[in-house]
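Peer 1: All chains, full assembly: derive it from the sequences and hints.
Mapping to the UniProt record's numbering: the sequence shown position 46 is 46, numbers consecutive.
Bear in mind the hints are in silico, worked out from the structure with no lab data behind them.
Mixed in with the good hints there might be a few duds.
With a Cα cut of at most 20 Å, we get these calculated EDC-like pairs of lysine to aspartate or glutamate [claimed, not checked]:
1. LYS150 to GLU208
2. LYS142 to ASP95
3. LYS121 to ASP137
4. LYS62 to GLU130
5. LYS33 to ASP48
6. LYS33 to ASP15
7. LYS8 to GLU208
8. LYS121 to ASP44
9. LYS162 to ASP144
10. LYS109 to ASP64
11. LYS33 to ASP44
12. LYS150 to ASP65
13. LYS142 to GLU110
14. LYS142 to ASP82
15. LYS62 to ASP95
16. LYS62 to GLU171
17. LYS8 to GLU224
18. LYS121 to ASP207
19. LYS62 to ASP144
20. LYS142 to ASP126
21. LYS162 to GLU110
22. LYS218 to GLU208
23. LYS8 to ASP64
24. LYS142 to ASP116
25. LYS121 to ASP144
26. LYS150 to ASP82
27. LYS150 to ASP126
28. LYS162 to ASP48
29. LYS162 to ASP65
30. LYS8 to ASP65
31. LYS150 to ASP116
32. LYS142 to ASP64
33. LYS109 to ASP82
34. LYS62 to ASP82
Ranges of calculated distance between the beta carbons of each label pair, as one might list FRET restraints [to be verified]:
35. ASP48 to GLN72: 39 to 45 Å
36. GLU107 to SER49: 45 to 51 Å
37. GLY141 to ILE63: 43 to 49 Å
The C-beta atom is built at its ideal place from N, Cα and C for all residues, glycine as well.
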Amino acid sequence: MKKFESKKRHVLPGDFITTAPLRLQGNVVLEGKRVIATSIGLSDVSADSVRVIPLTGVYLPKIDDLVIGTIQYIFGNSWFADINSCYQGMLLGQDVFGRGSYPTTSEMKERLDNGDIIYAKIANSDRQREPLISIADQSLGKIDSGELVKISPTKIPRLIGKHGSMIQSIEASTNATITVGQNGLIVVSCDETNGLLKALAAIRMVDEQAHLVNLTDKVKKMLESDGV
Numbered sequence: 001m002k003k004f005e006s007k008k009r010h011v012l013p014g015d016f017i018t019t020a021p022l023r024l025q026g027n028v029v030l031e032g033k034r035v036i037a038t039s040i041g042l043s044d045v046s047a048d049s050v051r052v053i054p055l056t057g058v059y060l061p062k063i064d065d066l067v068i069g070t071i072q073y074i075f076g077n078s079w080f081a082d083i084n085s086c087y088q089g090m091l092l093g094q095d096v097f098g099r100g101s102y103p104t105t106s107e108m109k110e111r112l113d114n115g116d117i118i119y120a121k122i123a124n125s126d127r128q129r130e131p132l133i134s135i136a137d138q139s140l141g142k143i144d145s146g147e148l149v150k151i152s153p154t155k156i157p158r159l160i161g162k163h164g165s166m167i168q169s170i171e172a173s174t175n176a177t178i179t180v181g182q183n184g185l186i187v188v189s190c191d192e193t194n195g196l197l198k199a200l201a202a203i204r205m206v207d208e209q210a211h212l213v214n215l216t217d218k219v220k221k222m223l224e225s226d227g228v
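Peer 2: So, in structure tokens, the structure goes:
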């Protein structure tokens, strides 16, 4: 077994992370006094806890998650959206038209049609049925333009960075507007072609190299370069 004691390292299942008496948060087990990784990812040791941030995985909806979805079809008084999960997001007609409303299919299509992209919030999810999504908040709704990008949902925290530092750096360097879904879907909008390409390249870099400790410096260097 390899031994890792610094805060963040690339680990494999079976790798020893630490012996400190810490709270186990995820993807780790305790063998005696030894904390062992159970998945491929980044070890994350804090003052009172230890976990492994997985580098692969699927999105499982959680209440209050902000997600990006693509409308697939209308059934009854609801839209159903692909949210990059084993579940589809169900958006009720009354969420858009108001309570007590019974819109026709044609009226619903005028608001949201197949292929439209939305920014939504998981309103309810019990994993027994399709999760309810909502676009009622002012910051949510249809996204009219931009490039849709898909990355592993487990890489989203790395893309956002501490206190939003990574995503803010990418936006500031490219003049792009980046809408991030916790389900691994992202929409990038930019009036300048070079800015758009650089923003997309930065997102791909995070997706492919999230395991690197010096990723922030690599992204910054790429953004400051002349090429893409």
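Peer 1: None of the hints should be skipped; say for each whether it holds.
Peer 2: Cross-check of the supplied hints:
{"no.": "1", "hint": "LYS150 to GLU208", "result": "holds (12 Å)"}
{"no.": "2", "hint": "LYS142 to ASP95", "result": "holds (13 Å)"}
{"no.": "3", "hint": "LYS121 to ASP137", "result": "holds (9 Å)"}
{"no.": "4", "hint": "LYS62 to GLU130", "result": "holds (12 Å)"}
{"no.": "5", "hint": "LYS33 to ASP48", "result": "holds (15 Å)"}
{"no.": "6", "hint": "LYS33 to ASP15", "result": "holds (14 Å)"}
{"no.": "7", "hint": "LYS8 to GLU208", "result": "holds (17 Å)"}
{"no.": "8", "hint": "LYS121 to ASP44", "result": "violated (28 Å)"}
{"no.": "9", "hint": "LYS162 to ASP144", "result": "violated (29 Å)"}
{"no.": "10", "hint": "LYS109 to ASP64", "result": "violated (26 Å)"}
{"no.": "11", "hint": "LYS33 to ASP44", "result": "holds (17 Å)"}
{"no.": "12", "hint": "LYS150 to ASP65", "result": "holds (17 Å)"}
{"no.": "13", "hint": "LYS142 to GLU110", "result": "holds (12 Å)"}
{"no.": "14", "hint": "LYS142 to ASP82", "result": "holds (14 Å)"}
{"no.": "15", "hint": "LYS62 to ASP95", "result": "holds (19 Å)"}
{"no.": "16", "hint": "LYS62 to GLU171", "result": "violated (27 Å)"}
{"no.": "17", "hint": "LYS8 to GLU224", "result": "violated (26 Å)"}
{"no.": "18", "hint": "LYS121 to ASP207", "result": "violated (23 Å)"}
{"no.": "19", "hint": "LYS62 to ASP144", "result": "violated (25 Å)"}
{"no.": "20", "hint": "LYS142 to ASP126", "result": "violated (25 Å)"}
{"no.": "21", "hint": "LYS162 to GLU110", "result": "violated (40 Å)"}
{"no.": "22", "hint": "LYS218 to GLU208", "result": "holds (12 Å)"}
{"no.": "23", "hint": "LYS8 to ASP64", "result": "violated (28 Å)"}
{"no.": "24", "hint": "LYS142 to ASP116", "result": "holds (7 Å)"}
{"no.": "25", "hint": "LYS121 to ASP144", "result": "holds (18 Å)"}
{"no.": "26", "hint": "LYS150 to ASP82", "result": "holds (12 Å)"}
{"no.": "27", "hint": "LYS150 to ASP126", "result": "violated (25 Å)"}
{"no.": "28", "hint": "LYS162 to ASP48", "result": "holds (19 Å)"}
{"no.": "29", "hint": "LYS162 to ASP65", "result": "holds (18 Å)"}
{"no.": "30", "hint": "LYS8 to ASP65", "result": "violated (26 Å)"}
{"no.": "31", "hint": "LYS150 to ASP116", "result": "holds (16 Å)"}
{"no.": "32", "hint": "LYS142 to ASP64", "result": "holds (18 Å)"}
{"no.": "33", "hint": "LYS109 to ASP82", "result": "holds (17 Å)"}
{"no.": "34", "hint": "LYS62 to ASP82", "result": "holds (15 Å)"}
{"no.": "35", "hint": "ASP48 to GLN72: 39 to 45 Å", "result": "holds (43 Å)"}
{"no.": "36", "hint": "GLU107 to SER49: 45 to 51 Å", "result": "holds (50 Å)"}
{"no.": "37", "hint": "GLY141 to ILE63: 43 to 49 Å", "result": "violated (19 Å)"}
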